[in-house]
Structure formats: structure tokens, C-alpha cells
Amino acid sequence: MKGKRSILLVGISFLLIGLLSIPTFSATAYAQGKPIVLGAPLATAFLYGWTAEKGLKLAVEEINAAGGVTVGREKRPFKVEVMDTRDLEPGVPVSDALLVVEKLILEKNADFIAGGPVRSEAALAAMDLLSKYKKVSILSTGALTPAYHKRVEAEYDKFKYCFRISGEVGWLVTGEFIPKLMDIKAKLGLNKLFIMVQDVAHARATGDLTAKLAGEKGWEIIGKEIYPTGTTDFSVGLLKARKDNAQVILIVMDMPESSVLLKQWFDLKIPALPFGTIIAAAEQPGFWKATEGKGEYCMASVVNAGNAPSNATPWTMKFVDAYTKKYGLEPEGYGASSSYMIPYVLKDAIERTGSLKSEDIIAALEKTDLMGVYGRIKFHPKNHQVIPSVDPAEGAVGTIFQWQAGKRVVVFPSKIAMGEIKLPPWMKK
Amino acid sequence: MDILIYGIINSFSLALMAIGFTLVYGISRLPNFAHGALYVITGFLVWSLIHLLKLNYVISILLALVIMGLIGAAIYRFILIRVRGMATSEIIATYALGLAILEFLRWGGFKGMTYTLPVFIEGSVNIVGIPVDFQRIIVIAVGIVVVSFMWIFTHFNKTGLALRGMAQDEHAAMMLGIDSDWMAVIAMAMGSILAGIAAITLLPLGNIVVEAGYNVLILSIAVCIVGGLGSWVGAILAAFMIGFLQIITVAYIQSHFHMVVALLAIIVTLILRPSGLFGRQKELEERV
Chain G
1 MKGKRSILLV
11 GISFLLIGLL
21 SIPTFSATAY
31 AQGKPIVLGA
41 PLATAFLYGW
51 TAEKGLKLAV
61 EEINAAGGVT
71 VGREKRPFKV
81 EVMDTRDLEP
91 GVPVSDALLV
101 VEKLILEKNA
111 DFIAGGPVRS
121 EAALAAMDLL
131 SKYKKVSILS
141 TGALTPAYHK
151 RVEAEYDKFK
161 YCFRISGEVG
171 WLVTGEFIPK
181 LMDIKAKLGL
191 NKLFIMVQDV
201 AHARATGDLT
211 AKLAGEKGWE
221 IIGKEIYPTG
231 TTDFSVGLLK
241 ARKDNAQVIL
251 IVMDMPESSV
261 LLKQWFDLKI
271 PALPFGTIIA
281 AAEQPGFWKA
291 TEGKGEYCMA
301 SVVNAGNAPS
311 NATPWTMKFV
321 DAYTKKYGLE
331 PEGYGASSSY
341 MIPYVLKDAI
351 ERTGSLKSED
361 IIAALEKTDL
371 MGVYGRIKFH
381 PKNHQVIPSV
391 DPAEGAVGTI
401 FQWQAGKRVV
411 VFPSKIAMGE
421 IKLPPWMKK
Chain H
1 MDILIYGIIN
11 SFSLALMAIG
21 FTLVYGISRL
31 PNFAHGALYV
41 ITGFLVWSLI
51 HLLKLNYVIS
61 ILLALVIMGL
71 IGAAIYRFIL
81 IRVRGMATSE
91 IIATYALGLA
101 ILEFLRWGGF
111 KGMTYTLPVF
121 IEGSVNIVGI
131 PVDFQRIIVI
141 AVGIVVVSFM
151 WIFTHFNKTG
161 LALRGMAQDE
171 HAAMMLGIDS
181 DWMAVIAMAM
191 GSILAGIAAI
201 TLLPLGNIVV
211 EAGYNVLILS
221 IAVCIVGGLG
231 SWVGAILAAF
241 MIGFLQIITV
251 AYIQSHFHMV
261 VALLAIIVTL
271 ILRPSGLFGR
281 QKELEERV
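The listed protein sequences derive, respectively, from chains G and H.
For the record, in the first sequence the residue sitting at position 3 is 3 according to our numbering, with numbers rising by one throughout.
For the record, in the second sequence the residue sitting at position 125 is 125 according to our numbering, with numbers rising by one throughout.
Please note: incorrect hints may appear among the correct ones.
Per the computed footprint, the stretches of chain G lying under chain H, defined by three or more beta-carbons under 8 angstroms from a beta-carbon of chain H, are [unchecked claim]:
1. 219-232
2. 237-250
3. 259-268
4. 283-295
List time: in silico DSBU-like cross-link candidates among lysine-lysine, alpha-carbon distance up to 30 angstroms [stated by the list, open to error]:
5. Lys54(H) <-> Lys294(G)
6. Lys318(G) <-> Lys378(G)
7. Lys108(G) <-> Lys111(H)
8. Lys111(H) <-> Lys289(G)
9. Lys111(H) <-> Lys79(G)
10. Lys111(H) <-> Lys294(G)
11. Lys357(G) <-> Lys367(G)
These aren't lab readings, by the way, just hints derived from the structure by calculation.
All of these numbers come straight from a predicted model, not from anything done at the bench.
All C-beta atoms, glycine included, are put in the ideal place defined by N, C-alpha and C.
Using the sequences and the accompanying hints, generate a full structural model.
Below, the structure written as C-alpha cells:
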């Protein structure tokens, strides 16, 4: 008898716990309203994944603390659901990332997809899925391929759900890397370029486009090496660069092993300035310690301002400070500031339209005009790519910095630059 | 000249990675698919001893190698002994163990590029005009020491001779009073220590990432298959073949095909000579 009573008691307790977990029965959740779910498919073991997760969560925390999002007459909080796509790992098939996107939509009931997929190939493949489920997505990290917004423009009705709030290779090369290379040529008298890229779509595209345009503008392209993801030995390639008298090594790699390249560059004293147009390892504040200072003089692009300290807009340092306070280190690289802006941009769009319907949100996002962490945020109405600029008052600005005495010193664009490029001692004549 | 120098360095790196794998297989016929995971775990272990327990680098290395030996022995004593002799189960058990270790490390927060080990000696030297950093020279030195030690140990030490006896004919060795399980425990412990030595020597050249576990396993398997499973001489010869081919590929074709060389070597070997250069176990079947 006693046993039966205990079982009954345990059963009732579980029932009560179960009922309380349902939002309708939960007093706290009811008061806050039903959360607006941001499904984030991210490669969480990699820089571009974890920075995006941190950026998203920081913004959501701030917005919720300030009362949430006004949807019509209701106040509702944001909720972030992160799932690991592992799409930056070598050998992980794109289909795995797609499964994650589908899970977020069907199982986690995501209202929006935010952040990833991170790898360009996976992001492109996910477009059809987003179209199938009519789910608005804002890409903010990893994927840099121009094919993304070109597909939106080519088949607008099908892919109108896809937005990108971060940079893309086309602009990065023409608007940032080439102007910076020309600046290096003019000021430092260097004109021989050696290219080292990772064997992934965006890196190959960046390498090819930069080589073509730099060649047209008077740079001599000495050679190009393509490395599979996960490579840990770059010595032979570096020796090739040295043998051919390269003066600048253009690096496009998002794998963590890219820090090895810089260590080897230092150990072999290669007399060429490392310019990491994309170099995930060098973006992070921990890079200095990880390379024991051997990464000094390495230049790196963090795609959007705010991913390294600067005064691009009044919001930039506020974001940098908030991120540093919450996570104990400065924004680590590409994906942090752009992902941070997603909840704010969505909040703005939702509050203007008063609805969560995809069609309404798309129309509202197309009219977004917000001064954000990295400048003025506006989407191109036909291809949904954030409009870039070198002036934060005009559009979204990028950032190229150089490691100098343990600090990330912004050297491009000139409107937000905080220092000049320095050459390593073994390069000085 | 750079091909010769960096070819030798790359070959010794491969030999160091693979020698532990081939030792375990040669003696106990156990394909240790957790070899890559043991390599990575050593790196994180040394890093943790240095940075969390604030121990001296040398003491951390020695302590890590002792721990690795114990881990290797424990893997055999508590896991592999139960599936010994069942080839498929051995593969599944060791592979699952390797996966579990690597994913546990990832879950435990060991991700990103901030985990590095310091080089033994800072700086580089010019050898006939080619710059080579001291750590790479140490790789060659450690490779020579390890190979020499293994030869001396298996030719002049009682335990080493017993290990060789096991490798040649397990049943005959057992009839002479050699304890098969104890030898397998020693082989696993030594295999783990060798994986650890490879990690400690090679990881200061790069950083410690979980993904390295998979690469090391693939390269070790490639070297062992080409050399002949279980043959130490074959493994060293195969390491030199693959090592030089990789460097020549990078120098004259493209870095992009660096990893393809190892995989292609496996395929070509399996088609032309499945038992590898020095493997004997399938020779008769091949002739038939």
C-alpha cells in the first residue's frame, strides 16, 4: 500500500513538473510571452561558430533585459537555439549541416535562422531548404561566397528568404584587400605576391580574384599554393615563397592550423609580409600567446568592424566592452559583431511590421536602415547582401589589422585606422 | 636540396607517428585505431600539466609519457583483452575508443588554436642555404634515437626478445613460457608511449587540435599498410617513401595533393601487394 502511494506521489510530481514546463502553465514564461526562436546552425568548435554564438547570445540577453521585442501589442523575448553543424571540420559532409538546419526548423520550431551554416558550400545548399520552409535567414559568419547573394538576385522569388549581414568575397577583394595592397605597394615599395589558400570555395575564390586584380594593378604574382583543410606543415610552400623573392604572402585560411603557418614563417624568417585576408587563427586575441609572439606583423581581416577594437561608430566600443565583460576577452574575430547585430536588426524589422510572417519580415528587412556596430546597416533590396562601404556613415565597414607588440592595431579602412603597417626586422633593408 | 632536407624531416615525422601503431600490431596483432587519439591526448596532457599544474616542461613530458604508458596498459587490460582474437571487434573497440577520446576532448573545451607546446630549442640554422628550425632537427634526432632504441631493445633485452618472439609466432612463444597477455599489455603501453613521444616532438611545430588525431591515424595506417602490417623495417621504409613523395608533390605539383599521396599509396599497395613491402602474413595467399 505504502509502495503504491509513493509511486502515485512520484507520478503526480512528474506530472506537475511536466505541466509547469509548458509555457501556458508557467507563470514566468507567460509573463515574458512566447519566445521568438532564433535557430543558429553553427560550427561551434571553430572560431566563426563560437564567436557567432557569443554575439547572438549577448544581443539577445541585452534585448530581453530591456523588455524584449514588441510584436503587435505583445512583448516577447528572443531565445537562441544553437546546434552544431560541424561544417568547418575536414571531411564533414554538407548533408550533415542541412540536417541541422532542418532540425532547427522542425524540432526547435525556429522562427528565424541566424548565423550559419558557416561553410560556404553548406550555406549555399541550405538556401533550398530555407526556401522550402519559407524561413527567413540572416547569415552572419563563415560563408563569404558571392554566389550566395547572386543566387538571391537570380531567383528572387525562390531565395528571397536569404539575407547576409556580414561581408562577401567580391567586396572584400575589390573594396578592401586590393586597395590595401595598393597602399602597401605605394608606401612600402613591395610588389611581389605569393598566395597561400585553403582548399575551400571562398578561399579559392578570394585567392583567384585577388591574384587577377592585383596582377592587373602591377603586382607580380609569384605563385599560389592550395592546402587541404587540416594541413599542419607549410614549410615547403614558405621556402618556395622565399626562393622566388616574394614580398607579401596573401593567406586565405579559416582553419585553426593557420597559426602554424605564422609560427613557421617566423622560424624560417621568410622575408615577406604575411597578409591574412582571411586567417581565422590570427584574428583571435589568443593568437599572440598561442604563437609566443611569433605572429607579430601578421595582418588579418576580421571582415566586419567591431571584431577588433576600433571607433567605427559610437556603438563599436560599447559592443567590444560588453563582449569583453561577458566573455572575459575582446571579440575574437569574424562572426562576433555581425551575429550580434542580427537580433537588433530583426527586432527593428519585427517592431516595424508588427508581425512574424516571413513575407512581412522580408519587406521590413529590405527597408532596414540602422546605425550598427560596424556602420550603417542596409540590405541591397534585390540580393539581400548588406551594403558595404569604407565609411561607416555610408555602409557596413570592414577591418584589417596588424599584430603589433601584442595588440591588434587597425590599419584599414583609413576612416577607422589606428596605426600604420610595420615590417618585420628581417625585411628591413 | 630543400627537398632532401625537408623530405628527411617529413619521413622521420611519419616514422615517429607510425612506429607505435606498427609495434602494437606486430606483437599482439591488435590494430590500435585509438592511436591518433593517444597522440592528441598526450599533447593536451602536457599542455595541462604545464599550464594548469604549472609544472616544468621536462617534468611534464616525462609525467605525460608515464601516464600514457599506464593508459595504454589499461586499455588492453580492461577493454581489448575481452575482444582479443576477434578481429572485427578489435577494430570496432579501438576505433570507438579513439572517437570517444577525441570527442570527449572536444566536448571538454579543447578546441581552437590556443593550445600549443613550446619548441625545445628556439631558432633556426642554415643548412647549405636552406633554413631549418632546431625543432625539425630534433625530430630527426628523436626519430633516430627511437628507431635505434627499438632495435637494441628487441635484440638484446629479455622482454624485447620475448616481444619479438610473440611477433614471430605467438603459439611457439607461449609454449616457451611467454605470457601472451602480459606481452600485449607491454606492447600497448609501449605503443602509447611511442604515440606520446611522436606528439611531444611534433606538436611544438604546430598546435594541438583534436582533428590531428584523425590525420595521424590515417598517416600511421598508410605507413603500416605500405610497409607491411607489423613490420618495423617496412614501416620505416614506407615512411621514407611516403615522406619524400609528399615533399616532391608539394614542391613540383601542388600542396593540395599532399594528403592524397598517403591515400594513393594505400590504394596502390592494396592492389599490387596487399601484404605491403615487408608483410608476410598474406604472402602465401597472394601467391595462390
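The hints, checked one at a time:
1. 219-232: holds (count 7)
2. 237-250: Satisfied; 5 residues make the cut.
3. 259-268: holds (count 6)
4. 283-295: Satisfied; 7 residues make the cut.
5. Lys54(H) <-> Lys294(G): Holds. Lys54(H) to Lys294(G) sits at ~23 angstroms (cutoff 30 angstroms).
6. Lys318(G) <-> Lys378(G): Holds, at roughly 21 angstroms.
7. Lys108(G) <-> Lys111(H): Holds, because 26 angstroms separates the two Cα atoms, which is no more than 30 angstroms.
8. Lys111(H) <-> Lys289(G): Holds: Lys111(H) and Lys289(G) sit about 15 angstroms apart, inside 30 angstroms.
9. Lys111(H) <-> Lys79(G): 25 angstroms, holds
10. Lys111(H) <-> Lys294(G): 21 angstroms, holds
11. Lys357(G) <-> Lys367(G): Holds - the C-alpha atoms of Lys367(G) and Lys357(G) are around 16 angstroms apart, at most 30 angstroms.
Comparing the model with each numbered hint stated earlier shows that all of them hold.
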